[in-house]
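Chains A and B supply the protein sequences, listed in that same order.
So the first sequence is residues 1 to 136, counted in the working numbering.
So the second sequence is residues 1001 to 1382, counted in the working numbering.
Derived by calculation from the structure, the hints in this document are not laboratory data.
All residues carry an ideal CB built from backbone N, CA and C; glycine is no exception.
Be careful, since some hints might not be right.
[Stated by the list, open to error] Taking CB as the label site, the calculated pair distances span:
no., chain 1, residue 1, chain 2, residue 2, range
1, A, P106, B, Q1380, 30 to 38 Å
2, A, L8, B, Q1059, 32 to 40 Å
3, A, P74, B, D1022, 26 to 34 Å
4, A, P106, B, E1218, 53 to 61 Å
5, A, F57, B, G1065, 57 to 65 Å
6, B, K1150, A, N23, 42 to 50 Å
7, B, P1121, A, A134, 42 to 50 Å
8, A, K58, B, Q1016, 53 to 61 Å
9, A, A90, B, D1022, 50 to 58 Å
10, A, T125, B, A1069, 50 to 58 Å
11, B, G1295, A, F57, 52 to 60 Å
12, B, R1111, A, A47, 51 to 59 Å
13, A, F57, B, N1004, 51 to 59 Å
14, B, S1316, A, N23, 52 to 60 Å
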Amino acid sequence: MAEPGRALPVPTPETKHFWDGTNAGELRLQRCDSCGKNYFPPRPFCATCGSRKVTVFKASGKAVLWSYVIHHRPVPGFKPPYAIAVVQLAEGPRMMSNIVECEQTPEALQLDMELEVVFEKQNDTVTLPFFRPAKG
Amino acid sequence: MRRNAVAVVGAAETTQLGVIPDLSQIGLHADAALNAMADCGLRPKDIDGIATAGETPVQLAQYLGITPAWVDGTSVGGCSFMIHVRHAAAAIEAGLAKTILITHGESGKSRIGNPGRTVPPASLNGQFEQPFGPMGPPSMFTIPVLRYMKTYGVTEEQIAQVSVVQREWAAKNPRATFKTPITTEDVLNSRMIAYPFRLLMCCLVTDGGGALILTSAERARDFKTKPVYVLGTGESAEGPMVSQMEDFTSSRAFRVAGPTAFQQAGISASVKDVDHLMIYDAFAHLPIYGLEDLGFLPRGEAAAFIAGRNTAPGGSLPLNTNGGGLSFMHSGMYGMYALQESVRQLRGTAAAQVPNAKISVCHGVGGMFAASGTIIFSNQSP
Ligand SMILES: [Zn+2]
Chain A
1 MAEPGRALPV PTPETKHFWD GTNAGELRLQ RCDSCGKNYF PPRPFCATCG
51 SRKVTVFKAS GKAVLWSYVI HHRPVPGFKP PYAIAVVQLA EGPRMMSNIV
101 ECEQTPEALQ LDMELEVVFE KQNDTVTLPF FRPAKG
Chain B
1001 MRRNAVAVVG AAETTQLGVI PDLSQIGLHA DAALNAMADC GLRPKDIDGI
1051 ATAGETPVQL AQYLGITPAW VDGTSVGGCS FMIHVRHAAA AIEAGLAKTI
1101 LITHGESGKS RIGNPGRTVP PASLNGQFEQ PFGPMGPPSM FTIPVLRYMK
1151 TYGVTEEQIA QVSVVQREWA AKNPRATFKT PITTEDVLNS RMIAYPFRLL
1201 MCCLVTDGGG ALILTSAERA RDFKTKPVYV LGTGESAEGP MVSQMEDFTS
1251 SRAFRVAGPT AFQQAGISAS VKDVDHLMIY DAFAHLPIYG LEDLGFLPRG
1301 EAAAFIAGRN TAPGGSLPLN TNGGGLSFMH SGMYGMYALQ ESVRQLRGTA
1351 AAQVPNAKIS VCHGVGGMFA ASGTIIFSNQ SP
């Protein structure tokens, strides 16, 4: 998947823990210490209750395929057709990703199939989290 | 008459729609604005409030020669103009302005003077969506739909029917870009864009514009045009990231904006109360989500309702009677054209006129389910 030209994230102070995490091989989410909500994308407060008391934690990396499209048009860094997916993490939040080690077809990509996170280094500073069909 | 009621007295689209190589984006705004002023016999000096999206109201005020006492630059995508109508009605009711102009112009196809859209890589969209390969609305607005289809057992054929029915309406409209009838097979055999969406399930890309002029219902009687009254309005926002929608089978912004408007209008979302309906259709699933989230149908039933020809010519709930973004035109921020069709229907001047239409509901979306605005119009004095 590491074709040249893919759009890459530029971390901000509020998201740095997430991208430091992917570089370290961890999927990091946040949890509110006040109301217990697990949330994503990163921010230094809880959007459910407004508390600033939040903790970064390592997610299990387990997810299910929530929805997707299979894109047929050219995009820098991608070989069409490729799936743009949203996964439902075991901890609750959803995130956009790509599904790797899997045919990019409607037959192979079944909603609710079990997935697990894998990390792919893009350059010296950026590692992206992808998901593949769960093994075992 | 309800105290401080507000009406649309001027309404027009750009002189041309489709491919307009001889006007820049701001020129499209101006062409539409001049047409709307001519429609109701006003000149720039008569306008004391201006709202627009795409360009800034500051830019438009100077370009058109307007000295505004009220400005609104709400820019939340294609439903911005519904929200402008809502804000303008509130401003006129509150006495902040007397005569408000709302303009839209977009060189969506020719891209003359259109700065285009980029996603900054440090934004949340730039960090948490763009790296995974989306490229604009066809690959993003469509992402929730497989979840909807699985939840309610909706088929690709049923989604294709939305495009087929809207083409039937477009065939009646000489200004529509695509008028040739299509079949379900045509839709399902058209080029795959982003599975399960094929070309004919996606909106057009065209150039054009439109403008509205609103004033108090009391003053509206002095104009030669038939007043179209604002009966109820609603607006909301959910967020810019489609991946973070609360419910992939329903829009939270729709569920706030729609019922707010119906409650204010004092009518129900039903065939009994609504004669004509516009639901912003950038893609074929939007009328399905809209019919359900506005409350016309229970969840999961709208696709069968459309496939059953209830929204087609001759059906009980005429929907997107100009042909919609799928067949009429779609410059990028389509909401203004939906509003124009609602006004035409209530003036009795639409190409595919719904007989004796008295209430029209016009529902818009902004971004990828990011925002929403709903306007309910009537041609009966409130
Ligand atoms: Zn909380």
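Hint check results:
1. In this structure, P106 (chain A) and Q1380 (chain B) break the distance hint of 30 to 38 Å, their C-beta atoms being roughly 49 Å apart.
2. The hinted range of 32 to 40 Å is satisfied by L8 (chain A) and Q1059 (chain B), whose Cβ atoms lie roughly 34 Å apart.
3. At roughly 31 Å, the beta carbons of P74 (chain A) and D1022 (chain B) sit within the given window of 26 to 34 Å.
4. Our hint of 53 to 61 Å for P106 (chain A) and E1218 (chain B) holds, since their Cβ atoms are close to 58 Å apart.
5. Between F57 (chain A) and G1065 (chain B) the Cβ separation comes to about 59 Å, which falls inside the hinted range of 57 to 65 Å.
6. In this structure the hint that K1150 (chain B) and N23 (chain A) lie 42 to 50 Å apart at CB is violated, the actual value being about 35 Å.
7. The supplied range of 42 to 50 Å is broken by P1121 (chain B) and A134 (chain A), whose beta-carbon atoms lie about 31 Å from each other.
8. At about 58 Å, the beta-carbon gap between K58 (chain A) and Q1016 (chain B) stays in the expected band of 53 to 61 Å.
9. Hint check: A90 (chain A) to D1022 (chain B), Cβ distance near 57 Å, so the stated range 50 to 58 Å holds.
10. Between T125 (chain A) and A1069 (chain B) the beta carbon distance is about 51 Å. The supplied range of 50 to 58 Å therefore holds.
11. Against the hinted window of 52 to 60 Å, the Cβ-Cβ separation of G1295 (chain B) and F57 (chain A) comes to about 40 Å, which falls outside the hint.
12. Between R1111 (chain B) and A47 (chain A), the C-beta spacing of about 36 Å breaks the proposed range 51 to 59 Å.
13. As the Cβ distance of F57 (chain A) to N1004 (chain B) is approximately 54 Å, the hint placing it in 51 to 59 Å holds.
14. Range check, S1316 (chain B) to N23 (chain A): Cβ separation about 58 Å, and the 52 to 60 Å hint holds.
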